[in-house]
Every structure is written in structure tokens, then in C-alpha cells.
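Protein chains: 2
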Amino acid sequence: MSNPTLDAWHEMIEKRNAAALDDVLADDAVFHSPVVHTPQEGKALTKLYLSAAIMVLGASDFRYVREVVGESDAVLEFTCELDGIHVNGVDMIHWNEAGQIDDFKVMIRPLKAVNLLHRLMGQMLQQTR
Amino acid sequence: MSNPTLDAWHEMIEKRNAAALDDVLADDAVFHSPVVHTPQEGKALTKLYLSAAIMVLGASDFRYVREVVGESDAVLEFTCELDGIHVNGVDMIHWNEAGQIDDFKVMIRPLKAVNLLHRLMGQMLQQTR
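Protein chains in written order, with this note's numbering: chain A, 39 to 167; chain B, 39 to 167.
Just so you know, the hints here were simulated from the structure itself, not pulled from any lab data.
Since the structure is predicted, the reported quantities are computational estimates derived from the model, not experimental observations.
A portion of the hints provided could be inaccurate.
Pairs count within a copy or across copies, as identical chains cannot be separated in the list.
[Stated by the list, open to error] Result set (DMTMM-like, lysine to aspartate or glutamate): computed pairs, CA atoms no more than 25 Å apart in a straight line:
no., residue 1, residue 2
1, Lys150, Asp121
2, Lys85, Asp66
3, Lys53, Asp111
4, Lys85, Glu49
5, Lys150, Glu135
Given the sequences, and given the hints that come with them, work out the whole structure.
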């Protein structure tokens with residue numbers, strides 16, 4: 039079953055094309071980081087975090103390994119290796135009635151990988167800001 | 039849409055009845071912890087870890103807040119507060135053709151919550167072993 043939101047997402051990831059986030063994200067999009075509790079609110083911040091994630095993870099052997107799709111939510115499980123550490127995580131995506139992503143949450147395991155992503159994302163966000 | 043595996047899971051969680059894991063889990067069940075990369079293989083170890091999780095989280099205001107269900111997988115997002123720390127996580131459940139759970143993966147956010155669960159689960163597993 040094809041889903042326009044997920045199709046657009048996968049195309050963006052395959053091409054490592056963070057610029058396409060402008061079309062994919064809703065104006066009121068919210069990003070929930072695997073590291074920090076406080077949500078990052080708004081399209082600009084969500085784009086910033088997702089761009090950094092795409093740059094950090096996109097340089098690895100990142101691939102999706104499981105996809106569970108509902109009416110307005112999908113959970114995409116991924117795996118990759120970074121600095122010799124296995125990273126396993128989920129992109130939890132919610133979209134609005136227009137098919138735009140308005141909520142994006144990432145969770146990571148195991149603990150070593152959360153700590154690694156914390157460090158790498160911090161470095162990347164400092165460069166981007 | 040009712041799903042016998044998920045119905046049994048929810049009933050078990052509502053009653054905090056870890057004994058029901060015997061019926062719910064497949065013999066070759068595998069548990070993937072939010073903390074450690076190495077899978078815990080077999081029904082006995084999976085039951086041990088899930089029982090500990092039910093005891094640790096079951097004492098809190100644990101509740102499911104989102105459910106995404108596929109043909110043979112479901113992702114149940116939960117939230118609770120433990121020791122004043124917000125815990126947000128997913129139970130990623132895969133079942134076999136007999137409807138028994140053969141793969142159970144947990145991911146937790148944010149980082150503070152992973153560290154807290156690491157400590158509390160460690161204590162609980164030491165008591166149980």
C-alpha cells in the first residue's frame with residue numbers, strides 16, 4: 039500500500055536531500071529528540087534537527103529494517119553502525135490531514151548508541167547554527 | 039480491529055499479571071533491551087526481562103498513548119513517570135503465525151530515562167535471579 043507521506047520521506051532519505059523537508063513538514067511540526075525530553079517546536083527547529091540527523095546518519099550504512107504503518111502514524115525502524123557502535127532506532131512519524139508531517143519522534147537503543155548520537159548531534163548542531 | 043495477541047498483552051499489563059507471559063510468549067522468543075545491544079534469547083530470559091519491566095514500570099502511572107499495528111508487528115508507545123523523570127518508550131512486538139510473541143524490543147527516551155531504567159532494571163533483575 040502506497041502512502042504519499044512515506045513515499046516522500048523515503049525519497050528524501052535515499053537522496054540525502056534535506057532541502058525536501060520544506061515540502062514534507064507541516065508549519066506546526068514538532069520534533070522529539072531521543073536525548074532530551076523537551077520537544078523542539080515549529081518547522082524551523084524540526085528541520086534543523088532532522089537535517090543534522092540526516093547528515094550524521096546519512097554518512098553511515100543507515101537502512102530501514104521494519105515499517106509499521108497506521109492511518110496517520112508510521113514507525114520506521116532503522117539500523118546503522120557509527121564509530122563501530124551498533125545503532126538501532128525508530129522514526130515515529132505522525133502526519134496531518136494534508137499528509138504533512140506534524141510530529142516526529144526518534145528513539146534509539148542501546149545506551150551506548152544514545153550517548154554516541156548525543157555527542158555527534160551536538161557537534162553537528164553547533165556547526166549548523 | 040481486534041488482535042488476539044495484543045488483546046492478551048493488554049489484559050496482562052492491566053492486571054500486572056506477569057504469569058500470563060507463559061501463554062503469550064513463543065518458545066524461541068527474543069528480548070531486545072533498551073540498554074544493551076546483545077539480544078536475550080529464549081522464552082525464559084525474555085520472561086525474566088519482561089517480568090522485571092512489568093514490576094518496575096507497573097508501580098508507576100504507566101499507560102499506552104499510541105498504537106501502530108501491522109500484519110505481524112505492533113508498536114505500542116508508552117509514557118510514565120519514575121523517580122520524577124519522564125519516561126517515554128515503545129514496546130515493539132512481533133508475533134508468529136500462531137499469534138505468540140517471538141520478538142520483543144524496547145526503546146526508551148530521553149537519555150535520563152534510559153539511565154534510570156538501566157539502574158532500576160539492574161536492581162530488579164538482581165533480586166529476581
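Going down the list of hints, with the structure as the test:
1. Lys150 / Asp121: This pair counts as both: shortest intra-copy Cα distance 11 Å, inter-copy 22 Å.
2. Lys85 / Asp66: within (11 Å within a copy, 41 Å between copies)
3. Lys53 / Asp111: This pair counts as within: shortest intra-copy Cα distance 23 Å, inter-copy 28 Å.
4. Lys85 / Glu49: Within one copy, since 16 Å is at most 25 Å while 40 Å is not.
5. Lys150 / Glu135: neither (37 Å within a copy, 34 Å between copies)
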